[in-house]
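2 protein chains.
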Amino acid sequence: MKKIIVFFCCAVACFTARAEDGYRLWLRYDLISDNQVLNTYRQSIKGWIVDGQSPTLAIVKDEVGLGFSGLLGKSIPSFTSVTSDGLVIFCSKKSSLIPSLLLEEKLKNVGEEGYAVFTTTLNKKKVIVIAGHQDVGILYGAFHFLRLLQSQQKISDLSIESSPKVKLRLLNHWDNLDRTVERGYAGFSLWDWHRLPGYIDSRYYDYARANASIGINGTVLTNVNANALILTPTYLLKVKALADLFRPYGIKVFLTARFSAPIELGDLKTADPLDEQVKQWWKNKAAEIYKLIPDFGGFVVKANSEGQPGPQQYQRTHADGANMLADAVAPFNGTVMWRAFVYDDKVPDDRAKQAYNEFKPLDGTFRKNVLVQVKNGPVDFQPREPFHPLFGAMPKTPLMMEFQITQEYLGFATNLVYLATLFKECLDADAYSKGKNSTVAKVVDGTVDGNQLTGMAGVANIGTDRNWCGHPFAQANWYSFGRLAWDHQRTAEQIAEEWIRMTYSNESQVVASIKQMMLASREIAVDYMTPLGLHHIMGWSHHYGPGPWIKNKQRADWTSVYYHQADSNGIGFNRTSTGSNALGQYAVPVQKLFESTSSCPEEYLLWFHHLPWSYKTKSGETLWNAMCYKYYQGVDSVRWMQRTWESLKNKVDNDRYQQVKMLLSIQESEAVNWRNSCVLYFQTFSKQPIPAKLEKPAQSLEYYEKLEFPLAPGIRPRFVW
Amino acid sequence: MKKIIVFFCCAVACFTARAEDGYRLWLRYDLISDNQVLNTYRQSIKGWIVDGQSPTLAIVKDEVGLGFSGLLGKSIPSFTSVTSDGLVIFCSKKSSLIPSLLLEEKLKNVGEEGYAVFTTTLNKKKVIVIAGHQDVGILYGAFHFLRLLQSQQKISDLSIESSPKVKLRLLNHWDNLDRTVERGYAGFSLWDWHRLPGYIDSRYYDYARANASIGINGTVLTNVNANALILTPTYLLKVKALADLFRPYGIKVFLTARFSAPIELGDLKTADPLDEQVKQWWKNKAAEIYKLIPDFGGFVVKANSEGQPGPQQYQRTHADGANMLADAVAPFNGTVMWRAFVYDDKVPDDRAKQAYNEFKPLDGTFRKNVLVQVKNGPVDFQPREPFHPLFGAMPKTPLMMEFQITQEYLGFATNLVYLATLFKECLDADAYSKGKNSTVAKVVDGTVDGNQLTGMAGVANIGTDRNWCGHPFAQANWYSFGRLAWDHQRTAEQIAEEWIRMTYSNESQVVASIKQMMLASREIAVDYMTPLGLHHIMGWSHHYGPGPWIKNKQRADWTSVYYHQADSNGIGFNRTSTGSNALGQYAVPVQKLFESTSSCPEEYLLWFHHLPWSYKTKSGETLWNAMCYKYYQGVDSVRWMQRTWESLKNKVDNDRYQQVKMLLSIQESEAVNWRNSCVLYFQTFSKQPIPAKLEKPAQSLEYYEKLEFPLAPGIRPRFVW
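Top line first, the protein sequences correspond to chains A and B. Under this note's numbering, the first residue of the first sequence is numbered 63, with each subsequent residue one higher. Under this note's numbering, the first residue of the second sequence is numbered 63, with each subsequent residue one higher.
Please note: incorrect hints may appear among the correct ones.
Claimed, not checked - Partial chain B-side listing against chain A, Cβ under 10 Å, derived:
hint : residue
1    : Gly173
2    : Thr296
3    : Leu769
To be verified - Calculated cross-link-like contacts (lysine-lysine; reagent style PhoX-like; alpha-carbon spacing at most 25 Å):
hint : chain 1 : residue 1 : chain 2 : residue 2
4    : A       : Lys123    : B       : Lys768
5    : B       : Lys723    : A       : Lys302
6    : B       : Lys186    : B       : Lys156
7    : A       : Lys302    : B       : Lys186
8    : B       : Lys302    : A       : Lys723
9    : A       : Lys768    : B       : Lys331
10   : A       : Lys170    : A       : Lys156
11   : A       : Lys711    : B       : Lys186
12   : A       : Lys331    : A       : Lys302
13   : B       : Lys302    : A       : Lys331
Think of the hints as simulated: they come from the structure by calculation, not from any bench. Cβ atoms here follow ideal geometry from the backbone N, Cα and C, with glycine treated the same way.
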């Protein structure tokens, strides 16, 4: 029998060996490769107890069973009482196995969803306890403990307490009901709406496991460019099926609400948020939803932005709209996330100023269950932006951070770009709203202004691709978003290290090499795309590749020339007091930092300043030469990543090695396209040569301008930009 | 070390155990479950030799290594000479290991792509030889041998010869370049055009393996509703990447040609096939393609049909169009498949007659490298149609069979419908074109009219779903299409049996139960959808579910009422001499069979006859009652399939057990919808009660008529019907 199992396993392994396809994400649970560590773990983990019964605890059992047997290479028995050394006990405060005083002590600083992991002695047996107030806390603790094993950390004398820093840790799926995904580069939507609720794809479970393992506790299933169909009874039954499945993983379901739904579905003549019939329609709809899904999370709304309907069509404010929906879900403890990503098609003001202009005056007028959801920067998820001026500017309103995990502007699913450094740059930025050290993170987590309702949203990069995210390394961005939403104080480096150890290898040279690539990767992308504060110069509509030449579109602020302002004198968008004065929206110390070219960090130079081509940069080079060097350095650094990766051949599995190698090669050619396009295009203004020692572009500017990518993925259906 | 492998395997197995997701198709290679068989095999297979070197033989090595080690549960060594009993030798005629006279003898009746598998004695050692003229024949033979093992057949004293009965055995992918799939229900297109040619998805290899294993030797990558973009240099490089990858598997790549491409891509003012510039444009394009892909298969064309451009726009015939393209590819041995699925939007004649009317007069006017590709039936892939009258009617033109594997009209990917019985029904039908026994199969394989160029196309049901086809049982339709294209004399039962053994189990009770379900399943679907010869009464545009009430559309022959002709007197389309006389397009014996209601098989009754509700069927029941019984029997039989499947719990793996269980439950509710919709709708004409003992429909006709499925999958983009 044992023999048969062995053979069976080998057969499976042989076939799957070919298919190291990334499906397992960071939850691989392969046998610990270091024999010494393995032996230590085997001595420390002789059995386990999950004390209690619930759907969530059943998941803990499954996960721990899977994890222990995989990592330790043998089945680890479960116990019902503490009769052996080396037990791992998963329990809540109510557990009778552990002295209640001890549990209370260990959990007293741990929040609702948090957990404690500690070593203690019970009945003279040394055990590890993983405890939480709620079952989901125990699940989070279990994943923490498994992570320690996966990354081969010490597990003796544990004393860990952990709680999330923000309350809502959500993925936003820009998934359409026809399964296309706006700005999705990893295939199509996971949600097989046609076959729901009858057919439950087993992938939904693995999606939930992955999210729970990094503390994500909510998912917005539908695109912010919303379709009212999702609110019909037929579709709500499908949503319920997903909500029921996700519930034991601690994941709530949210939907996007199309503001005109009362007209489209309810036969009303208006969607005016102050109209009594409209209010009643939404109240009824909320009641209908909560009857099916008692813990439904609430609504995310994109209104009066890029063609979406909204309250301003009825001369009402965003607050009127948000509050009307908030009142509808309030009886059920629902939340409304109202997006601040708006820009008026009539106001010719600097696009970077418009969200602030619109929302700042509304501070204090929102219901308690409303969050205003603000993108990290004031334009649109560019490779680099300064933090959004709304952070710190609305002390009476909880602001939800919106990061983009999907790489709309950062190379789709072909560029290796680790985003934790981008996320951290924004979170750690000091908004100075309540004096020094009023970081964006502290605004978001409520400590600056004392908000209770807090959250972070990440626009998901997940699709039907077998490896979930298209690029094997894009998984790290999903992972790091979750880890930072849980604890924004972790560093990008710490997160990269744990992800690499779980996903690729615990071998120190491999970890070091991959970490180096990851940590450098975002700056490399900035260099070959938009160095020195340049922004929004990408391809038209699909946003693929470079498009610094884009002009003469239906709106000026949908063009590239609007943002780079290149002319024969120089380049850059003057947002200082002598220009659009977008800078005036920030606190004074921030203004001071950026206002002067001498103090402005060079990575933001052209975001805030229009400067002559001859401007002397810190290196002593002219602006033109410095820009050229940056673009070339970006490409050279991609080549450095290629060499680094090639040094890992045979140190990571061959399948993923080859995949990443192919993708790095694509990235190199895309980086060259970016560099050549931008340098040649900007040269038409600077009229200066590319510094002599740099390789000459292989093609003419016309060649690059004529490249077309009509079917680049991720385009919004039936609507452009 | 061995221990580590065991543990590693177990870890993999544990994780993948959860994910018995159907990805491995029928190429599972799990350990032989029957110990006696296993021991016999281990004694008979002690080693293997692949004699020769080529990309195709490298694939043979990989596949045999994978298959033997998996099936036999141990690594089987490769040899270089015959020094042991029990060797399996893969070789061509040139092999020095085997006496050349013996090989010549064994291969003399085997065609170009065929193979021989035989037991013989060499150097006094008993060996099994798998030989082919070409390397791809050896690959086919290898898959044959592995199939014997997978299905636990006897392998002593083998003496097998096998050659394909038709030359072109193609999948037609109706895949759009944006990765949507017209009439696709298994996710989206496998072809990741955006990342090709740089990124080669490992799935492409498994697609090629699966096709080679069933003898498919060509793939048409793009939708017949074609996009000229595929013919641009950028896309041709992507096509080349796929062609290079598929080549060693014996699979040629084909494309669909948009007839207006010379205008769209070439800046010509016309696409007139007799225009010299147009001819030259296509010649240049062909040369461009063949320079990249020397073995490019050729073009499939849908012209002057459902909005597609074609030669008739220039007052030219289909032959003019086809010949112009044929001349362009002829210097490179390319083939043109010109589809006969056309119907004129001006001619109000019976739609079932139009392809014949259009093409029959063109017989003998096509170039030698043209096949006319004809759907199995004269309307459009209905659950049941009589065979297409063109089969046998164009003796001077090779006709290519076009089957639809994707279940556009047979329940999408939620209904278990085994299509081999449908394919066989058509292939075995006697067209009587050259006297009795002029079966459709013999027309297609060239024996009736002596054609050399022969082929079968299957519209693929393959997509990005992890199990490839959406429904675990839909894999059987891909499989059986390939097997029948290779040898149309195999029975649906034989093919089902081998597929079940390879895919689910060799246990006789499991095989018997599943086979029973599969063999009955198509008739069951006919019963609850379109019994007694009814056809084309499905939902509008998406074709999901019932829509017998569809009327008043832009064309009469896009409605249901056009096809069922129900009125207060009766129901059915009179296609006899007193009606449209579509029957007149068949040979006289066929006419005779169908013309009289007394000889017309009841399954075709309402296809050919309009009959009163009181018509006495063979059972003695009135037509109305007989129709009701059929619809109810269909639903009851789905419930029988559910019970049969439930009897297999714990006899097939739990993952696929649950998947199929969910899908059967969906199928049951869809069958009820079909039954109730059709019975209630037709009752408005018959004015008669549903027989008393049958369960009453749960909802009113209005309820069913109002059901909407606006986002049912597989809809053609930017174009309806």
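- Task: Using 10 Å as the Cβ threshold, decide whether leucine 769 of chain B counts as touching chain A.
- Result: Result: holds, 9 Å to nearest chain A Cβ.
- Message: lysine 186 of chain B and lysine 156 of chain B were given as a pair; does the straight-line alpha-carbon distance stay at or below 25 Å?
- Response: 21 Å, holds
- Message: Hint check: lysine 331 of chain A vs lysine 302 of chain A, CA-CA at most 25 Å. Holds or violated?
- Response: Status violated; Cα separation ~29 Å.
- Query: If you take the shortest Cβ to Cβ gap from glycine 173 of chain B to chain A, is it below 10 Å?
  - Reply: 32 Å, violated
- Are lysine 302 of chain A and lysine 186 of chain B close enough, with their CA atoms no more than 25 Å apart? 69 Å, violated
- Message: So if I understand the rule, the pair passes when the alpha-carbon distance is 25 Å or less; does lysine 723 of chain B with lysine 302 of chain A pass?
- Response: With Cα atoms ~20 Å apart, lysine 723 of chain B and lysine 302 of chain A stay inside 25 Å; holds.
- Has the given pair, lysine 170 of chain A with lysine 156 of chain A, been kept, meaning a C-alpha gap of at most 25 Å? 14 Å, holds
- Message: Tell me if the straight-line CA distance from lysine 768 of chain A to lysine 331 of chain B falls inside 25 Å.
- Response: Given pair lysine 768 of chain A, lysine 331 of chain B holds - Cα atoms ~23 Å apart, limit 25 Å.
- Query: Per the CB criterion, is threonine 296 of chain B less than 10 Å away from chain A?
  - Reply: Cβ of threonine 296 of chain B sits 8 Å from chain A, so the hint holds.
- Query: Hey, lysine 123 of chain A versus lysine 768 of chain B, does the alpha-carbon distance stay inside 25 Å?
  - Reply: 46 Å, violated
- Query: Are the Cα atoms of lysine 302 of chain B and lysine 723 of chain A separated by 25 Å or less?
  - Reply: Measuring from Cα to Cα gives roughly 20 Å; hence the hint holds.
- Compare the distance between the alpha carbons of lysine 711 of chain A and lysine 186 of chain B with 25 Å, and conclude whether the hinted pair is satisfied. 46 Å, violated
Checked against the numbered hints listed earlier, the structure breaks hints 1, 4, 7, 11, 12 and 13; every other hint is satisfied.
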